[in-house]
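Spelled out, the chains give:
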Amino acid sequence: MSLDVNVKALMKNAFRQSKVRGETASRVRVPGGLINAESMARVVEIAQEFGNGTIFLTNRQGMEIPGIPLEKVPEVNERLQAIIDDSGVNQEERGKGYPAAGTRNVVGCPGSRLCPFGCYDTTALARRMDKAVFPNNRHVKIAFTGCSNDCAHVALNDFGIIGMTEPQYDRDRCIGCEQCVKWCRSRSVGALSVVNGKIVRDEDLCIGCGVCVNYCPTRAWTRSPEHYFRLKIMGRTGKQNPRLAEDWLKWVDEDSIIKIAQNTYAYIDEHIDPGAPGGKEHIGYIVDRTGFEEFVKWALDGVELGPKCERASRVYWGGKRYDRSNELK
Amino acid sequence: MGYVLSREGLDQVLQGLGTEYRLYAPVLKMGEGRFADTDVVRYDFVTSLDQIELSKKSDYAFKELLTPLSETLFFFTEGEVKVADKDVRDVIVLLRACDLHAVKRLDQMYLANGTEKDWFYQRIRDHVRFALIGCPSSFENCFCASMGTNVAPEGWVFSLEEADGGYRCAVADGTLAGLFAEHADAEADVEPAHVVENDTKVRVPENVPTAIYKHQMWDEYTVRCLKCGRCTIACPTCTCYTMQDVFYTDNGRVGERRRVAASCMIDGYTDVAGGGQYRRTGGERMRFKVLHKVHDFRARFGYDMCVGCGRCDDICPEYISFAACVNKLADAVDALGKEVDGDE
Chain B
765 MSLDVNVKAL MKNAFRQSKV RGETASRVRV PGGLINAESM ARVVEIAQEF GNGTIFLTNR
825 QGMEIPGIPL EKVPEVNERL QAIIDDSGVN QEERGKGYPA AGTRNVVGCP GSRLCPFGCY
885 DTTALARRMD KAVFPNNRHV KIAFTGCSND CAHVALNDFG IIGMTEPQYD RDRCIGCEQC
945 VKWCRSRSVG ALSVVNGKIV RDEDLCIGCG VCVNYCPTRA WTRSPEHYFR LKIMGRTGKQ
1005 NPRLAEDWLK WVDEDSIIKI AQNTYAYIDE HIDPGAPGGK EHIGYIVDRT GFEEFVKWAL
1065 DGVELGPKCE RASRVYWGGK RYDRSNELK
Chain W
2 MGYVLSREGL DQVLQGLGTE YRLYAPVLKM GEGRFADTDV VRYDFVTSLD QIELSKKSDY
62 AFKELLTPLS ETLFFFTEGE VKVADKDVRD VIVLLRACDL HAVKRLDQMY LANGTEKDWF
122 YQRIRDHVRF ALIGCPSSFE NCFCASMGTN VAPEGWVFSL EEADGGYRCA VADGTLAGLF
182 AEHADAEADV EPAHVVENDT KVRVPENVPT AIYKHQMWDE YTVRCLKCGR CTIACPTCTC
242 YTMQDVFYTD NGRVGERRRV AASCMIDGYT DVAGGGQYRR TGGERMRFKV LHKVHDFRAR
302 FGYDMCVGCG RCDDICPEYI SFAACVNKLA DAVDALGKEV DGDE
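For the record, the sequence lines run as chains B and W.
The first sequence begins at 765 in the numbering used here and counts up one residue at a time.
The second sequence begins at 2 in the numbering used here and counts up one residue at a time.
It is worth saying that the hints were derived from the structure and are not from the lab.
Treat the hints with caution; some may be incorrect.
Claimed, not checked - Cross-link-like lysine to aspartate or glutamate pairs, in silico, DMTMM-like; alpha carbons within 25 Å at most:
(1) B:962 / W:251
(2) B:772 / B:1037
(3) W:87 / W:183
(4) W:228 / W:268
(5) W:58 / B:934
(6) W:30 / B:990
(7) B:962 / W:268
(8) W:83 / B:930
(9) B:1072 / B:1052
(10) W:215 / W:251
(11) B:962 / W:21
Predicted model only: the values in this text are computed from it and were never measured.
If we strip away everything but chain B, and leave its shape as in the complex, we get:
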């Protein structure tokens, strides 16, 4: 019997369209990039039983299981249930797989669970964000990285979140060894200097990476009890105008970031190009069209930014404009 498959529904169900006729690939969602070993084994089992025995590790920390016959999709969905349960990903109907694929897997670097430089638990926050915005069909990319090294490449996302700590200085514990100064200069931005044997931090220059805390031998430098973040927005890859996300908020808090991301969906619903292919359009292009202020109006609706938060009144993006010129000169 010939196949009669609703491809749009298939894709919304987090299965990929394959160039191999009759086959698909199951897209496993792994918020924050952390999966337990049991679920990893389940992915292996699905690949062996239904796929072609391979697993593709995606750029966004998900997994794709290729070579699945289209008629096996319902069975695969049932087998995905335990993985979905373990990952805590929101679902609409049990046994029916993922309810959406538009809002992409939320990326996270290893963060403070593993990395000495991580300023916060990226995994936990990526999972919290995933619970807050998924399922949704809108094409939204969010990534969390633990510090300004940006190992998670958050600047390529619609929302890129970089961890920050506000260094706390106890001058009575400082012995003037200047290791913080040295390491800030070589590993970070050089925001520290010595004045009369004690350390002065240039608060404007400091990016809150925590390198000084890491290298202080006496605990004169410690981390702020509060976790802070830098929010970069509207980065993207793609054909027309790929560009890095730019800083919008600095020293912003976690709750505000979640709310801003949630608010953005209403903004997209209002302003998305009705003719966008597949109902998907990078948010940045919508912002280019509506103007930045319109985005800000929607994004900050009901958001109370903390007293320490700094906000750029205007954001300017760069990037290549392939839609205008493709010349190399």
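Here the structure of chain B is known, so what remains is to put chain W in place on it, guided by the hints.
Showing chain W alone in chain B's frame:
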């Protein structure tokens, strides 16, 4: 005299002591660790039992009271000098057996090393007494048994340790007995618990030939060591300091002399005029530190400086083990001895 106390009872005792003494004890500082959302245990003044961390080894030692990390000694302006004010109310420091042994090393260095006593040290030291935290078991990296510092020396006024949901205290200072008796559940024979054996064992060489200075065993530390000096800051026996003469920028004729901790492991320690630096590499610095702890100090004062608390091993970000290094040193000394025998 010994007493068994409930948690509330011991807290009452500490509150009672608080009327006459300040209490200086290990405290769990939440979120003040090196990494995000990690803690550190270091000493601070406390007013109740709840604030005291008794279940962990402190990452930093009690010595910060006697030899502050940074201390203004005096202020100067033109021809006048004013000694900096100091809170010199009496203090009881809660510490473990190894650290009480460390006090002897600090006293040695500041009060009985040459003809002069360190006036600024003495003015703090005269007001400090000690209470012993018993050690029913060893912590990771401790090697007090190897260093002979597992049993506390005399010099503590009372001891305390957790036992059976309460506390057991021995009281050595008779003047405190009344306070303990008032809040105790019962009297008992109490001997402060001490460690008998540690997992980490260290073999200290008796004599170290000078040929060891050129030995290749130090070379690995040139590659491994960051020269951060955490080992020496955390060490209860390291006493090195340097001076900062600070001239206030608005005037230039007014300022202060500050004494700050220094370390043979940290850049700047062996700098001399003309840009020279006697010990440049991590290997050279490690050699100096290790030999000082288990040989040089003994050559001068008759006993080893190291008290085997293992804080240096706990804190090293590069997993350099002082204990392992001393054992390597002992092996290297043995091997050198055989070479010499063979020559004869």
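How the hints compare with the structure:
About 16 Å separates the Cα atoms of residue 962 of chain B and residue 251 of chain W, which keeps this hinted pair within 25 Å; it holds. Of the supplied pair hints, the one linking residue 772 of chain B and residue 1037 of chain B holds, its CA atoms being roughly 19 Å apart against a limit of 25 Å. A C-alpha spacing of about 33 Å is found between residue 87 of chain W and residue 183 of chain W, which places the hinted pair above 25 Å, so the restraint is violated. About 7 Å separates the Cα atoms of residue 228 of chain W and residue 268 of chain W, which keeps this hinted pair within 25 Å; it holds.
Of the supplied pair hints, the one linking residue 58 of chain W and residue 934 of chain B holds, its CA atoms being roughly 23 Å apart against a limit of 25 Å. For a cut-off of 25 Å, the pair hint linking residue 30 of chain W to residue 990 of chain B stands: about 15 Å separates their Cα positions. Proposed proximity of residue 962 of chain B and residue 268 of chain W is supported: the alpha carbons are some 16 Å apart, at most 25 Å. A threshold of 25 Å between alpha carbons decides the hint, and for residue 83 of chain W with residue 930 of chain B the separation of about 36 Å lies outside it, so the pair is violated.
Between the alpha carbons of residue 1072 of chain B and residue 1052 of chain B the distance comes to roughly 28 Å, so the proposed pair goes past 25 Å and is violated. For the hint linking residue 215 of chain W to residue 251 of chain W, the alpha-carbon distance of about 50 Å lies beyond 25 Å, and the restraint is violated. At most 25 Å may separate the alpha-carbon atoms for a hinted pair to count; residue 962 of chain B and residue 21 of chain W exceed this at roughly 35 Å.
Hint compliance for this structure: hints 3, 8, 9, 10 and 11 are not met, and every other hint is.
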